[in-house]
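Student: Line by line, the protein sequences give chains A and B. Numbering of the first sequence is given in this note's numbering, commencing with residue 1 and proceeding in unit increments. Numbering of the second sequence is given in this note's numbering, commencing with residue 1001 and proceeding in unit increments.
Calculated directly from the structure, the hints in this document are not laboratory data. Any given hint might turn out to be false.
Partial list, computed: chain A residues near chain B (C-beta under 7 Å) [stated by the list, open to error]:
{"no.": "1", "residue": "R89"}
{"no.": "2", "residue": "F96"}
{"no.": "3", "residue": "A113"}
{"no.": "4", "residue": "E117"}
{"no.": "5", "residue": "H148"}
{"no.": "6", "residue": "L150"}
For clarity, every value in this text was computed on a predicted model and none was experimentally measured. Using N, Cα and C, we set each Cβ at its ideal position, and we do this for glycine too.
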Amino acid sequence: MINETKKRMIDVQNIQFIYPHANEEENVIALEGVDFHIDKGEFVGIIGHNGSGKSTLSKLLNAIIFPTKGDVLVNGMNTKDREHLWDIRQTAGMVFQNPDNQLVATIVEEDVAFGPENLGVPPLEIRERVDRALATVEMQAYAHQKPHQLSGGQKQRIAIAGILAMEPECIIFDEPTAMLDPSGRREVMATIKKLNRDKNMTVIHITHYMSEIIDADRIIVLDKGKIVMEGTPEKIFKNVLALKEIGLDVPQMTELAFELRKEGIDIRDNILSIEEMVAALCQ
Amino acid sequence: MLKDVTIGQYYPTGSIIHKLDPRTKILFTTAFVVILFFINNLWGYLAVFGLLAIIILMSKIPVGYILRGIKGLVLIILLTVILNLFMTPGTIIASIGPFNITMEGAKIATFMALRLIFLVIGTSVMTLTTSPIDLTDGMEWSMRFIPFVRRFAHELAMMMSIALRFIPTLMEETDRIMKAQKARGANFETGNIISRAKNLIPILVPLFISAFRRADELATAMEARCYRGGENRTRMKQLVFAGRDVAAFVVMFVMVVGLLATTMINIPLLFPV
Chain A
1 MINETKKRMI
11 DVQNIQFIYP
21 HANEEENVIA
31 LEGVDFHIDK
41 GEFVGIIGHN
51 GSGKSTLSKL
61 LNAIIFPTKG
71 DVLVNGMNTK
81 DREHLWDIRQ
91 TAGMVFQNPD
101 NQLVATIVEE
111 DVAFGPENLG
121 VPPLEIRERV
131 DRALATVEMQ
141 AYAHQKPHQL
151 SGGQKQRIAI
161 AGILAMEPEC
171 IIFDEPTAML
181 DPSGRREVMA
191 TIKKLNRDKN
201 MTVIHITHYM
211 SEIIDADRII
221 VLDKGKIVME
231 GTPEKIFKNV
241 LALKEIGLDV
251 PQMTELAFEL
261 RKEGIDIRDN
271 ILSIEEMVAA
281 LCQ
Chain B
1001 MLKDVTIGQY
1011 YPTGSIIHKL
1021 DPRTKILFTT
1031 AFVVILFFIN
1041 NLWGYLAVFG
1051 LLAIIILMSK
1061 IPVGYILRGI
1071 KGLVLIILLT
1081 VILNLFMTPG
1091 TIIASIGPFN
1101 ITMEGAKIAT
1111 FMALRLIFLV
1121 IGTSVMTLTT
1131 SPIDLTDGME
1141 WSMRFIPFVR
1151 RFAHELAMMM
1161 SIALRFIPTL
1171 MEETDRIMKA
1181 QKARGANFET
1191 GNIISRAKNL
1201 IPILVPLFIS
1211 AFRRADELAT
1221 AMEARCYRGG
1231 ENRTRMKQLV
1241 FAGRDVAAFV
1251 VMFVMVVGLL
1261 ATTMINIPLL
1271 FPV
């Protein structure tokens, strides 16, 4: 039991979240009965249609908002516990959708330094952390540039560096690629996967691009504030029709396999990537 | 006209003046501005002129560029000169119609004009040689010495740096909105002032809405990065006084003493004391 709680990064215990409205009858229930946990080192994808509650969920994990019912534990700390507020935000960093609206400083390296400065880290150590974080996202060459001169993908990598400099154990990505062009998306996804693989960072990736989470450890599907599916990518994407019903797509190759099967061609239904498809077709 | 205002712009040349600690430059400029109002004869202004000339030469900023900063203020200077020239009672030295120019008026007008010009040049040398970030850091430090303002020093500096960060973003956004409205047939170029001002509304409304949304998202992002005001906050870049700053303080001391000394000079220059 003790061992099990030790490796838990995030524990969401049967939570409900209501956006209050002046008129109580119009209160919006954003999340209801959501219950899951994320282990250290895991890469979990969270998908859902607009209004499924996925952004609300991300803010609950970072103690920006608090559940109306139930508890959220980050590394064993309850987000409702004001005492641990800053520890929680330091442990579970968060990268947002709009790269422009999360960069604070006029110079790249100063922006990366913003988090550790807030934590009261000594100046020399901040310097080291900033250099390390910029190296991890491969943006050292831009340390003295102004953020507005960078591309969307570069800005988002700076935002990631800003979180890394706080030395979190877990990073929550709230649709970080939604506003980027395809090359920016590739850059950011490569960075996120590298963090999970090489730095053993726990990653929670909220997105509506299915292709970004085909190699996730686990996928959680939200619809209308409830978890409707949970499991490995192979298991989730098999349910092509069920996903389409709640307004979600499946990865292109899975869809192709689905269409081929409909036409009577005998092919696996859990194909995710082009490589798998090639292998399956060339058998 | 707006293009002519050089106050507040940064002109990097990498000179020794640029390399001075922003705090040194702020203190120096403050001392300069204060002392400017103590000077009461032309000897003093001559000395100020010499001092400014040397500093500008050292800063390697083109003189023309600095002088352009005064162009925007010509109207204010002229108004001050004319009012003082004609409205000061005293010994009449010339008359234009019903208006009399007095000796005292001529003196005050000259002094006011010189004061304004030197004031603008002096402060623009500071902003031209200091990057906005350094200036903000320097101001955060200097605000600690002003009672009442002290408590908000960090917040004010943070606001200033966020404003600086978002100026280019909002400019881009304005440009985008303008193009979008133009594509729908909006006209910003013709018509009288009132109709042009009215035409700006379809730009301002979306710009404000988006600025508020940005502010909201930025605040959330800052909180998520553990921002909680200035308390217990550290800085990666610490301001450090160097040898050149000490030299600058010596010059400042000489300037203050020297300029105060000129007020004792009793030999009249141009105007009888």
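Student: Against the structure shown, which of the earlier numbered hints fail to hold, in ascending order?
Tutor: 6
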